[in-house]
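Number of protein chains: 2
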Amino acid sequence: MTVLPAEVSIREVCLRDGLQLEDPLPTAAKLELLAAIVATGVREIEATAFVSPTKVPALADAAELSEHLRAFDTVEFSALVASPNGARRALAAGFGSIEYVVSAADAHSRANVGRSTTEATEAIADIVAIAHDAGAAVEVIIATAWDCPFDGPTNPQRSVDIAAAATELGADRIAIADTIGTATPVRVTELVDRVRPVIADLPLGAHFHNTRGAGLACAYAAVAAGVTRLDASVGGLGGCPFAPGATGNIATEDLVYLLRDCGVRTGVDLPATIAAAAVAQRLVGHELPSALLRAGDRLTSTA
Amino acid sequence: MTVLPAEVSIREVCLRDGLQLEDPLPTAAKLELLAAIVATGVREIEATAFVSPTKVPALADAAELSEHLRAFDTVEFSALVASPNGARRALAAGFGSIEYVVSAADAHSRANVGRSTTEATEAIADIVAIAHDAGAAVEVIIATAWDCPFDGPTNPQRSVDIAAAATELGADRIAIADTIGTATPVRVTELVDRVRPVIADLPLGAHFHNTRGAGLACAYAAVAAGVTRLDASVGGLGGCPFAPGATGNIATEDLVYLLRDCGVRTGVDLPATIAAAAVAQRLVGHELPSALLRAGDRLTSTA
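Going down the list, the protein sequences come from chains A and B.
Heads up, the first sequence is in the working numbering, so the first residue is 8 and it goes up one at a time.
Heads up, the second sequence is in the working numbering, so the first residue is 8 and it goes up one at a time.
Note that these hints are calculated values from the structure, not bench results.
Hints are supplied without guarantee of correctness; some may be wrong.
Just a sample of chain B residues kept apart from chain A, beta carbon distances all over 10 Å, derived [as the list claims (entries may be wrong)]:
#1 L28
#2 P33
#3 A46
#4 A78
#5 V82
#6 P91
#7 S123
#8 D168
#9 A171
#10 L211
#11 T218
#12 A224
#13 A231
#14 D261
To spell it out: a stretch of chain A is covered by chain B in this simulated footprint if at least three of its residues, at any positions, have a beta carbon under 8 Å from a beta carbon of chain B; those stretches are [said to hold, decoys possible]:
#15 140-150
#16 184-191
#17 258-269
#18 280-287
Glycine included, C-beta positions come from ideal geometry on N, C-alpha and C.
Please build the complete structure, drawing on both the sequences and the hints.
So this is what it looks like as C-alpha cells:
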C-alpha cells in the first residue's frame, strides 16, 4: 500500500527555470508575476540565478530583482548558482538560501559549466563554506540525475555518489533533477530509494519536467517514495523556445491539484495558482502547457 | 514496494473516442489512420461506435468502416454501444467484441443515454444475451467512475455496484473510465482496490483522459494496483473541440514510453506509434497534445 507524506513543500521555480530561456522580461514584469505567485501561499520561491548574464540574458537582472524581494516577507527566496563566485554574488544580494547544481553526467557538466562532475562535486566544499559563513543554507541539486542529452542514461551510482559527497561536505538539502524530462516512475522510485540512505536526515527534493508527459507521474512516484519537496512552475513555464510546444517544468497548479486530491497538504491555493499561471502566460505572450489553466478545477462538490 | 505486471494490453481508441468530437473524417482517411495504427503492433482497436449518427456524426460511417476491417487480421476490433439496439448493429457489422457503457453518475447517464444508472445497468443482461448468442464478448465500461460533470464526485460504491452487477450478469471484462479527466492516483488506487474483489477473475481495464495533466500518473497508479488493460489514443486525440488545448485521452505513445521504461511489455512499437500520431495530427488538421510527438523518444543508449 502506498503511504504518502501528510505534507509536501512546493518550491516555485517559474522566475528562474521558467523564465531562463524566454525572451528577457523587464524586472517590473517579473515583480508583477512574483506578486501573483506570492498570493498563492507558496512558501519557497527560487527567484533567479547568479550565472553568466551573456549565457542567460533572461536572468541578467538578478541583483536588481533581488532588491525588491524584501517586500515579501512571508516567503523564503533562493537563488541558483553554478560556482563559488555565483554563490558570493547571491549572498551579497541578500539571499539566505542557494541552490548549487552538479550535473551527474560528465558531458552535461562540461557543456553547462565547463567542468567535470568530479570538479563540480569538489566545489561543494567551497560553496558550503561561503554560504555557511554568511548564515545561508545550501541545497545541492543533482542535474541529469536520470539521463543526459549527450551521454544517454546516467549510471544511478553517479547521483548516489554526489548525494553522499554533498552530505559529507555539509550541504543542507539534496535534490535530484530530471533536467531533460525523460524520467519515468519506476526509475524515480529506484533512484530515490538509493539516494535516501546516503544523505542522513537531510531533506530530499525532486525536480521534474513534463517534456514526455510523465512529469506528474514522476512527482507522484517521488512523493510515494518519501520525497517531501518538489519544484514546479506556474503555467508549466520552462519549455525550450527552440522546441515549440515541448513542455517545461511540471505546472504548479497541476501538481497542487493532484496532491490536494491525494490528501497531501501543500499550503498552496489552487485558484490563486491558476490565476498566477494566467499572469505568466500573458507576460510571456505565448500559450503555456498547463492543463489546469485550460481545464480548471474539477467540481469537488455539488453543495 | 510497487510491483508492476509484466505485461499490459493497450487498446487503441483513437478511431472512436479520439475522433468522436472532431469534424467527421472521410472513411478513407480513417482507413489511412487505421493502417498506421495497425503498424504499431497494437492488438486491440476500438474502431467505432454504434450510436446515434445525428448525435455523433463523426462516427456515422460505422457500418461502412466495419466492412474494411477484415483486411487487418492481426487485430481484435471492437465497437462501443450504448443500447441493445446498438449492440445488434455492431454484431451485424461483424464485431466479435463490444464495449457497453454504463455511467455511474445518474445525471451523466440521463444526459448521455436518457436512462438512469439503474436502467442502464439492468440492460447489461440484454446486451450480454445478444452478444453471447452471436459468439461475441462484452466489456462493461463504467463511465464517470470518479466524477460527473453535473453531480461532482461519484460515490465509489456506485461503480462497485455496477461492476458487481456486470459480473453477475455475464460480462466478459470490466473497465473503469475517467470520462472527464479529473481522476488522480490515490482515488484510482482506491477504486481499483474496491472493484477488483467484486469482479471474480474478470480482466479489469481503465480509461483515462489527460485533461488535468494527471492521465499518466493515473495510468501508472492503475497498473501498480493490478489493472492490466489500458485505453489510449495516438496523439492524445480526443479533446473537446469546444475547449481548445484541453487534452483528450492519454496519448498512446506517451503511455508506451512510460510503460517500456518501467519494464512493462505492451507489444506496441514506440517509433511506429509516434508516426501514427503524426498521421492523426495531419488528418484532423490541428495540433495534438501528445508529448512524445514533439519531444521524441529519449536517448536510451550511447552505443
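Comparing the hints with the structure gives:
1. With a minimum CB-CB distance of about 15 Å to chain A, L28/B clears the 10 Å threshold, and the non-interface call stands.
2. Against chain A, the non-interface label of P33/B holds: every CB pair exceeds 10 Å, the least being about 27 Å.
3. Residue-level check passed: A46/B sits 22 Å from the nearest beta carbon of chain A, beyond 10 Å.
4. With a cut of 10 Å on Cβ distances, A78/B stays outside the contact zone with chain A, its closest approach being about 32 Å.
5. With a least CB separation of 25 Å from chain A, V82/B remains clear of the 10 Å interface cut-off, as annotated.
6. Distance check for P91/B against chain A: the nearest CB is about 31 Å away, which clears 10 Å, and the non-interface claim stands.
7. The claim that S123/B is not at the interface with chain A holds, since no C-beta of that chain comes within 10 Å of its own (minimum 17 Å).
8. Non-interface call for D168/B relative to chain A: holds, since the shortest CB-CB distance, roughly 20 Å, exceeds 10 Å.
9. Non-interface call for A171/B relative to chain A: holds, since the shortest CB-CB distance, roughly 23 Å, exceeds 10 Å.
10. With 10 Å as the threshold on Cβ separation, the claim that L211/B sits away from chain A holds: the shortest Cβ distance comes to roughly 18 Å.
11. For T218/B, the shortest C-beta to C-beta distance to chain A comes to about 5 Å, within the 10 Å cut-off, and the non-interface label is violated.
12. Its closest Cβ contact with chain A, about 4 Å, brings A224/B to no more than 10 Å, contrary to its assignment away from the interface.
13. Listed as a non-interface residue, A231/B fails to keep its Cβ farther than 10 Å from every Cβ of chain A; the least gap is roughly 8 Å.
14. Residue placement check: D261/B does not keep its beta carbon more than 10 Å from all beta carbons of chain A (closest about 4 Å).
15. Figure legend: the segment 140-150 of chain A, annotated as covered by chain B; annotation inconsistent (0 residues with Cβ-Cβ distances under 8 Å, at least 3 required).
16. Interface restraint, the segment 184-191 of chain A with chain B: holds (4 residues with C-beta to C-beta distance below 8 Å; minimum three).
17. Note: the segment 258-269 of chain A has 6 residues with beta-carbon separation from chain B under 8 Å; the three-residue rule is met and the coverage holds.
18. Residue count for the segment 280-287 of chain A with a Cβ under 8 Å from a Cβ of chain B: 0. That is fewer than the three needed, and the coverage hint is violated.
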